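Input sequences plus hints: build the corresponding full structure.
Chains A and B, in that order, give the protein sequences.
The first sequence begins at 1 in the working numbering and counts up one residue at a time.
The second sequence begins at 1001 in the working numbering and counts up one residue at a time.
If you're looking for bench data, these hints aren't it; they were derived computationally from the structure.
On a predicted model such as this, the values are computed, not experimentally measured, just so you know.
It cannot be assumed that every hint is accurate.
Said to hold, decoys possible - Derived lysine to aspartate or glutamate pairs resembling DMTMM-like cross-links, with alpha carbons at most 25 Å apart: (1) B:1170 x A:171; (2) B:1187 x B:1132; (3) B:1111 x A:171.
Stated by the list, open to error - Covered stretches of chain A, going by a simulated chain B footprint (3 or more residues, C-beta under 8 Å): (4) 78-86; (5) 123-133; (6) 164-175; (7) 293-304.
Stated by the list, open to error - Short derived list, chain B residues pointing at chain A, Cβ under 8 Å: (8) 1066; (9) 1069; (10) 1072; (11) 1091; (12) 1092; (13) 1138; (14) 1139; (15) 1147; (16) 1151; (17) 1177.
Virtual Cβ for every residue (Gly too), placed ideally from N, Cα, C.
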Amino acid sequence: MSTASASQRRQSPGGSRDRRAELTLGALAVGVLALIALMVVTVFTKAWPSFAHNGLDWFGSGGDADVQLKAMVQNTPLPGHSIYYFRAWPLIWGTLLTTGLAVLIGLVFSTFAAVFIVEFAPDALRRVLDPVVRLLAAVPSVVYGLIGILAIAPWVEHHLISQQRKHSVQEIVQLTGANLGLATLILTVMITPIMVAITSRSLAAVPRSWTEGSAALGVNRWRTTWRVSLRTARPAIIAGAVLATARALGEAIMLSMVSGSRGFAANPLDGGTFLFEPVRPLAATIIDYIDGLSVVPLAQTLYAMAAVLLVSSALLSLAGWAAKQPLKKYGIRA
Amino acid sequence: MRRPTRTATTALIVTLALVVPATAGARALLLSGSTSIFPLMTQLAAAYHKATHQPTPKVGQGTSDAGINEVAAGKVDIGDVSRDPIIGVDPKGLVFTKIARDGVCVITNPKNPIANLSREEVIAIFTGSVRDWSEVPGAKISGSIDLVDRVASSGTQDAFQNIFLGETLKISPSAEAEESNGLVQNKIRTDENAIGFVSFDFTPGTNAVGYQGIPCTLQNAKSGQYQGVRNFWMVTKKTGTSPAAIKFIDWITSGNAITKKIIGSDWIPIH
Chain A
1 MSTASASQRR QSPGGSRDRR AELTLGALAV GVLALIALMV VTVFTKAWPS
51 FAHNGLDWFG SGGDADVQLK AMVQNTPLPG HSIYYFRAWP LIWGTLLTTG
101 LAVLIGLVFS TFAAVFIVEF APDALRRVLD PVVRLLAAVP SVVYGLIGIL
151 AIAPWVEHHL ISQQRKHSVQ EIVQLTGANL GLATLILTVM ITPIMVAITS
201 RSLAAVPRSW TEGSAALGVN RWRTTWRVSL RTARPAIIAG AVLATARALG
251 EAIMLSMVSG SRGFAANPLD GGTFLFEPVR PLAATIIDYI DGLSVVPLAQ
301 TLYAMAAVLL VSSALLSLAG WAAKQPLKKY GIRA
Chain B
1001 MRRPTRTATT ALIVTLALVV PATAGARALL LSGSTSIFPL MTQLAAAYHK
1051 ATHQPTPKVG QGTSDAGINE VAAGKVDIGD VSRDPIIGVD PKGLVFTKIA
1101 RDGVCVITNP KNPIANLSRE EVIAIFTGSV RDWSEVPGAK ISGSIDLVDR
1151 VASSGTQDAF QNIFLGETLK ISPSAEAEES NGLVQNKIRT DENAIGFVSF
1201 DFTPGTNAVG YQGIPCTLQN AKSGQYQGVR NFWMVTKKTG TSPAAIKFID
1251 WITSGNAITK KIIGSDWIPI H
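Here it is, written out as structure tokens:
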């Protein structure tokens, strides 16, 4: 622009335009950071009263989380407690179970699927699988939830849950098609494509000289893949797992449809019945009680759950970064 | 003109061109709230448009509590609420206008056609003291009882608890919570062991259970014999409600022949 003075133009050719671009981009970046900081501060300020009234026992167990939340909605405190009384352990346990199981199963599946796509698949099949995996990763999660609740849940209820099983726990909880097993299954299906896409891309980027050198030493294909390629791709596998865990943690609507909508701490000691018990992860709880936002204690409890989710996402990123540190000494760019 | 100035001017003109026609003409009323009132309100809105040629009010649904929150926040003009106002919980500054009464039926699957339940039996089943169909006299099936409830923000749930269970007792927390009347109806239709409660308009396809010896029919509800009847309200803000919204509510509560016919088809007219 001609507004730059002649002397400025002589000092740095294209300088003032560069400076303007630099300042604009810097302002945008700082703006995003400021927005995130503002969001975090808002959530924690609104969540504080719930933590203040419950202390560290907020994370503990003690009664039925649903009963406590309903008491807040109806403005009738439970006998002997304040209106803020809340014990989130069944919800936290539900979150840990669904996310943990889904990521573990997904890791196994995605690693083997990625190895197949990169190493062993014929070219024609690979050309089909690559875009299909990327498409699956982009499907909105509500679609999975709808298929789960309309098609799979009734089938599970009629064919997999027997009357005896229902009878054995009927005093405590109702078994329906929407349960921990279905939630874990659909969550796994939802997050595996992300991990497959990331892992396969990283496997394909392993330097050919390394794999060819291994083959030259007489190592067979499977062992090369396992010992050389996968080892090199470890940072990507970790990054994929972190991404998938973050998506699973935040998955609200789909899980509120298929996980049973019941804040029950599923008991692994129940054996097979464990998979058929209803759970309700934290994000799904926020969705289920969002209509009561005008009731102040409930709103503050929901913000407290949101704060827990924020902190766990931050810890997740930290864990991902920490897991990659030991790999740096092997010269892998992590 | 320099290019950036030209782009900015074009953007401004296009935005104005889009905004001006959108604001011209009367805006349609927005309603939201109870899933029980939804079928009634859509019929009333269509009839209102035919009778007065005002734009058809747009009716949404999302439980009574959501309707109250949205009208208090100014997001909709009128909230549909199927439970009585609760002091201390509802936001201040709201006006509740009664428009009709509605029957609430306990329903079971057609394969389990229970004719009648007494007050004690309803309380025992819905608070969770009785968990098996073998303990319910009149049940035609065996197995565990699948209790179906509504979410905490539902007006029908509030009305059911107050009328059928009394002031203090609450529905068992192990019940499955459904978002709307339609989902409860669907669940009862597909699950033989299920029992739940819905607004009278949602009983087709299920077995409506009599209460205290009186069958749950529209005639019994209108005559006052059937006890499970609750109020339908339209909620507006005390200050700042549009005149068009007030006109709509006045038309509904005026007791004219059109509204009487619509309300009388599946609900209980009171004007």
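Evaluated hints:
no.: 1; hint: B:1170 x A:171; verdict: holds (17 Å)
no.: 2; hint: B:1187 x B:1132; verdict: holds (18 Å)
no.: 3; hint: B:1111 x A:171; verdict: holds (24 Å)
no.: 4; hint: 78-86; verdict: violated (count 0)
no.: 5; hint: 123-133; verdict: violated (count 0)
no.: 6; hint: 164-175; verdict: holds (count 7)
no.: 7; hint: 293-304; verdict: holds (count 3)
no.: 8; hint: 1066; verdict: holds (4 Å)
no.: 9; hint: 1069; verdict: holds (5 Å)
no.: 10; hint: 1072; verdict: holds (7 Å)
no.: 11; hint: 1091; verdict: holds (6 Å)
no.: 12; hint: 1092; verdict: violated (11 Å)
no.: 13; hint: 1138; verdict: violated (20 Å)
no.: 14; hint: 1139; verdict: violated (14 Å)
no.: 15; hint: 1147; verdict: holds (7 Å)
no.: 16; hint: 1151; verdict: holds (6 Å)
no.: 17; hint: 1177; verdict: holds (5 Å)
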